[in-house]
Amino acid sequence: MRKLLITLTLVMILSGLVLAATFQGLTDRIEENRVAALNASLAAVFGGDADATFAELPGSDETTIYEGTAANGTALGYAVRLPAQGYGGQITLLVGLGPDLRSIRGIEVVEHIETPGLGGRITETEFREQFVGLDTQIDLSYVKNIEPNADVNEVQAISGATITSSAIVTGINEGLAQAIPAIEGRAE
Amino acid sequence: MAVTMEAAPAKSRSITAEFMKGLVRENPVFVQVLGMCPTLAVTTSVANGIGMGLATTFVLVFSALIASVIKRIVPNEVRIPIYAVIIATFVTIADLVLKAYFPPLSASLGPYVPLIVVNCIIMGRVEAFATRNAPGISVVDALGMGAGFTVSLMVLGAVREILGNGSILGFALFGDGFTPMLVMILPPGAFLTLGILMAIFNALKANREPVLIRT
Amino acid sequence: MSSANEGFVLQTAPHAHGPMSVPRIMHAVNLSLIPVVVMSALFFGARVLMLYAVGIAACLGTEVIIKSIRGQSWRSILDGSALVTALLFVMVLPPSISPLLVAIGGVVSIAIGKEVFGGIGQNVFNPALVGRAFLSAAYPVAMTSWTPAREVFSFVPTGRTLATVDSVTGATPLAASRFEGIAEYYLRLFVGQTAGSIGSTSALVIMIGGIALIAMKIVRWQMVVSFLGTIAALTGIFWLIDPTTYADPLYHLLSGGVMFAAFYMISDMVTTPFTTKGTVIFGVGAGLLTVIIRLFGGFPEGVMFAILLMNAVTPIINRMNNRVYGASA
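Protein chains in written order, with numbering that gives the first Met the number 0: chain A, 0 to 187; chain B, 0 to 214; chain C, 0 to 328.
Take the hints with a grain of salt, since some may be wrong.
[Claimed, not checked] A short list of chain A residues far from chain C (calculated; beta carbon distances all over 10 Å): (1) Leu9; (2) Ala51; (3) Glu66; (4) Gly88; (5) Asp99; (6) Val109; (7) Glu110; (8) Ser158.
[As the list claims (entries may be wrong)] Okay, the calculated bits of chain B under chain A, using three or more residues with CB under 8 Å as the criterion: (9) 21-31; (10) 86-92; (11) 175-184; (12) 196-202.
To be clear, the hints were calculated from the coordinates, so they are not data collected in a lab.
From the three backbone atoms N, C-alpha and C, an ideal C-beta is built for every residue, glycine too.
Sequences and hints are given; from them, build the entire structure.
The following block contains the structure:
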């Protein structure tokens, strides 16, 4: 019985020590990777300014808000990280807004598990570009098989992936409805 | 399980034979049908297959080594918990290393790296081989099984990536005229590919073994 | 198997043979499909004849190759069942599909849908639908691109081309009636001068062959009626509750693949129950699933998945309804 306890304890302690050492050695690098990945997608939302810096602001329940500043100190605007309920599961989006919060600067898909080749095409530039310049004061909507009218915030749905396209549009509408008042409230 | 695990000490067999059995005769995927969860889930590309295969091999080799070295001092009653702790330790190390040095691979393998801890190949080899054999030959066995697992995952990943995405290791193979067979990188494609490869594997094996009854 | 000079002849079941043999049934089904082939060529052009040829070549070729790999006689293709699979498979594809995809799907139908289980009589799932399901998952865009039918019958108004259930969710007759009269729209659906799968648009032609099969007792009317009846009843309830959101029962019966499935897919003898009570359970289940998928699912058309799902439970239905001879009670 004593041998049993001693061996088990010894193995646990050794394992704990090894893991603690590994974690200690790698944790900085892992954190750097995480921040680099986040900054890369944040920068991409604002047209790929690699030297821009981003500060996290207090967001709402479901959204996280980042304030972007260009390398020369001018305000880039805000990026809102928001969820959307896709066909395969949750989609995480970053939506970039201008400093006046009136228009969308760009969107990035951070995470998704949509079907490759169908819903997965939301990551393609062609789909994402449609959102650039859209008005944040009107709700977005999507159309199928006809030319979208950007003046009334229409985007073209992905062929064969209506549920995913609809999820993105709804997610952005709901996320911005929470985030914009939160940003405005903070400025006052 | 279709294959009886190695029970007796394998002193008589050569190191080469011990390594090679993991590749073909006792291939963990196609013959023993172990580790199906990562086999089906991550083989959407060759790169994923190699990454998962190597991570599993790493855990397998070190767990087998340690288990074999300490086999005489481990009391039988706590054998399984101790091996579980050892395996979990190496899985966590593998997960951290992947996160630190290969973040894209780590992201695409997702939860399946931590899940190596429940991969039956590892517990199977540790229990069935490493605890009954010397450290040296246990490592050879683990390397063979790991290689067999990695090669199987690569083959699955290659078939699925070529057909389902029209590329191999990320390089496009065909022109614009090729429409990828989407289903192959979706879950049904994993089952179809595995089933067909297993059928081919069995057919090849059957041809090499003497046929007793022909119906 | 048996040696006559022993005095006793041992034979395995079945002992009673009906007048209909498998090849006879299969050839009858093939003959009944001729009107559908002709009609589809009229509606979608001579190109579909080439697609039929590709499908037949792929299915028969696959069966010959697999039989020879297994050391069995290739003559099984003469029983007509692979030809039935080929025709049914091509008939449920969109007219604009490329011949390459027809060939791939044909190979999958026979190889994975039928031969891996051991050939005719052994398969769990309808082979033609296995092929179609594979193509739907593999090439979703090609499998949902529809072309309108040509104007073959001038008495049937072409109207503004409105897609059927197959192509666009929510193109209800109510929407259609804004462009043409409801009666004309239904006439068009009934004759089949509309967008849809190659062989499944025309309820009229399908019924000609289908009723002949019922008369020959190859297709059981109970099954057809229970399937169509379930769809009509369920969609009818929803239509009565909210006619602006839900289409009426007639539309659901005539659009998509319902009529074709009723006579040619759910009547497959291998993959459906063998008692009459079992076929009714199958028909009701398939109808229920079809309506659920159509009205609440992510796909506009649910017939294919409904039938494949019911194929999967067919062994259970058979167990529930099968009398074991000699067993008590």
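Evaluated hints:
For Leu9 of chain A, the non-interface assignment is confirmed: its Cβ lies about 53 Å from the closest Cβ of chain C, beyond the 10 Å cut-off. For Ala51 of chain A, the condition that its CB be more than 10 Å from all CB atoms of chain C holds, with the nearest at approximately 38 Å. For Glu66 of chain A, the non-interface assignment is confirmed: its Cβ lies about 38 Å from the closest Cβ of chain C, beyond the 10 Å cut-off. Every CB of chain C lies more than 10 Å from the CB of Gly88 of chain A, the least distance being 14 Å, so the non-interface label holds.
For Asp99 of chain A, the requirement that its beta carbon stay farther than 10 Å from each beta carbon of chain C is met, with the minimum near 38 Å. For Val109 of chain A, the requirement that its beta carbon stay farther than 10 Å from each beta carbon of chain C is met, with the minimum near 24 Å. Separation of Glu110 of chain A from chain C is adequate, the least Cβ-Cβ distance of about 21 Å exceeding the 10 Å criterion. Its beta-carbon lying about 6 Å from the closest one in chain C, Ser158 of chain A breaks the requirement of being farther than 10 Å from that chain.
Chain A is given as covering the segment 21-31 of chain B, and this is violated because 0 residues of the stretch bring a CB closer than 8 Å to a CB of that chain, at least three being needed. Three residues within the 8 Å Cβ limit are the bar, and the segment 86-92 of chain B against chain A gives 4, so the coverage statement holds. By the rule of at least three residues with a Cβ nearer than 8 Å to a Cβ of chain A, the coverage given for the segment 175-184 of chain B holds, with 3 such residues. With 0 residues bearing a CB less than 8 Å from a CB of chain A, the segment 196-202 of chain B misses the requirement of three and the coverage assertion fails.
Of the numbered hints given earlier, the model fails hints 8, 9, 12; all others are met.
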